[in-house]
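J.: Work the whole structure out from these sequences, hints included.
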Amino acid sequence: MTTRQVADFRRSGWIFAGPAAALLTAFFAYPLVASLYQSFTSQSEGVTSFVGLAQYRRLVADPVFLRSLVNTALVLAVQVPVMIGLALALAFLLNQSWLRFRGTWRALYFLPGITTLVAYAVVFQVLLKTDGGLANQALGLVGLHPVDWLNDPTWARIALIGSITWRWTGYNAVILLAGLQAIGREQYEAAAVDGAGGVRTHVSVILPQLRPVLLFCVITSTIGTLQLFDENYVLTRGGPGDATLTPVLYLYKVGFQQSDFGYAAAIAWAVVLLTGVVSLVQYRLLGKGWGR
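Numbering of the sequence shown is given in our numbering, commencing with residue 1 and proceeding in unit increments.
For the record, the hints were derived by calculation from the structure and aren't laboratory data. Not one of these hints is a red herring.
Ranges of calculated distance between the beta carbons of each label pair, as one might list FRET restraints: (1) L111 <-> I15: 39 to 45 Å; (2) L139 <-> A20: 52 to 58 Å; (3) L274 <-> G113: 21 to 27 Å; (4) V281 <-> F50: 30 to 36 Å.
Glycine included, C-beta positions come from ideal geometry on N, C-alpha and C.
T.: What follows is the structure in structure tokens.
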């Protein structure tokens, strides 16, 4: 191949990659840089002025933002361990050879993860409505008083945790199931020959090999919770009070309801930084020796 042919070949590569690179720049790189710049600005009466780190100083002193972080930490501490535990149990169940219609069960468990927000909202509004909701009807059948699920701060948090768990447990179960199915049957047979029972086999043989997939599920679930918006937006709008307010929902209110775009951009970058730090810490702590 001549030098000219090599140059033409390289040029043709840029021709094919050019449209994708242009779209990536237009819809990802430029908004990223623009939002970062905007976080150092303030808008007043249609005039944008550069204010340096003022928006970030405002952020660390904002009691509403700090409350949203506490709310997120509470959800994260309860919801992610419960969801991953349930997903792991479902994955073990779906991996059993004696289970019939396994394909159907997998589809049913995965379905909530692809449910539209409208359907999701309708389901939980019907379920959690104070007067005549299915949850309160069930409580009445066993002689318990109805619960004001979405208007009491504590119960609203519990309802939010339950709804997130319902939506994403099946999704994580399918991912964990894929990891389980990558483990050869000879591993189970070898454990049985050594006299290990079912529980011992899963704890000592299967779980160590599933750890990289488990780590992936933990990190992605944590990222999803730190960026929580859909569930609390459709169920509670962050209420009652600020009991279910999260940083991303607060960002939405500041940016699109109050039109304070500089402060909203600062919140967005704070969420990005927090998500990156938490994910890195999780990987360092939980990923030691996994898959290495």
